[in-house]
Amino acid sequence: MMICVAILPGAPICEYVGVLPRTGEKRSGSDMHMPSLHVENNSEAPPAPEYCIDAGSIGSFARFINHGCNPNLFAQCVLTNHHDVKLEKVMLFAADTVLPLQVAPNIDSCDVRNSLAIAKYVAEITTSTDRPRS
1 MMICVAILPG APICEYVGVL PRTGEKRSGS DMHMPSLHVE NNSEAPPAPE
51 YCIDAGSIGS FARFINHGCN PNLFAQCVLT NHHDVKLEKV MLFAADTVLP
101 LQVAPNIDSC DVRNSLAIAK YVAEITTSTD RPRS
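Note that the sequence shown covers residues 1 to 134 in our numbering.
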């Protein structure tokens, strides 16, 4: 996927959307359960997030954005027209300038561990209440 126009740093790219099942629920139409991103039996580990975003079958084009070692996007929770952190949105923003005819944006993920870290981060920011409000 190529970009047709320049995208400046900080520009919103899209909202990351999908089904919002509770952590541990079975994925719809699948025999798989949502994976746990926390180490089991670790008393110092934070509690598992209540929800996670599953964009496997339903979602915006954000689910097709690739992972890469030189990311040009970052994820951020935003509040729109309210201050209820339970209704926040996960948005992807440009981290660097993306020039026309360059490869489409990507999110940092050089290996499987980084992929899990991003999934954990997205899950945490969709449920966390201890971050600054916009």
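Keep in mind the hints are simulated off the structure, nothing from the lab. C-beta: ideal position from N, C-alpha, C; glycine also. Check before you lean on any hint, since a few could be wrong.
To be verified - Label pairs and their calculated CB-CB ranges: (1) Asn70 with Pro100: 17 to 23 Å; (2) His83 with Cys4: 32 to 38 Å; (3) Ala11 with Leu79: 14 to 20 Å; (4) Ile58 with Leu8: 26 to 32 Å; (5) Leu79 with Cys4: 26 to 32 Å; (6) Val78 with Ile58: 18 to 24 Å; (7) Leu101 with Asn81: 33 to 39 Å; (8) Leu101 with Pro12: 20 to 26 Å; (9) Leu8 with Ser57: 19 to 25 Å; (10) Ser57 with His82: 27 to 33 Å; (11) His83 with Glu15: 28 to 34 Å.
Against the structure, the hints:
Take Asn70 and Pro100: their Cβ atoms lie about 18 Å apart, and the range 17 to 23 Å holds. As the Cβ distance of His83 to Cys4 is approximately 36 Å, the hint placing it in 32 to 38 Å holds. The hinted window of 14 to 20 Å between Ala11 and Leu79 holds, with their beta carbons roughly 19 Å apart. One distance hint, 26 to 32 Å for the beta-carbon pair Ile58 and Leu8, holds here, with the actual separation near 30 Å.
Checked against the hint of 26 to 32 Å, the C-beta distance between Leu79 and Cys4 comes to roughly 30 Å, which is consistent with it. The beta-carbon spacing between Val78 and Ile58, approximately 21 Å, falls within the hinted interval of 18 to 24 Å. Restraint check, Leu101 to Asn81: a C-beta distance of roughly 36 Å satisfies the suggested window 33 to 39 Å. The hinted range of 20 to 26 Å is satisfied by Leu101 and Pro12, whose Cβ atoms lie roughly 21 Å apart.
The given range of 19 to 25 Å is broken by Leu8 and Ser57, whose C-beta atoms sit roughly 33 Å from each other. Separated by about 28 Å at the C-beta atoms, Ser57 and His82 satisfy the suggested range of 27 to 33 Å. In this structure the hint that His83 and Glu15 lie 28 to 34 Å apart at CB is violated, the actual value being about 18 Å.
Checked against the numbered hints above, the structure violates hints 9 and 11; every other hint is satisfied.
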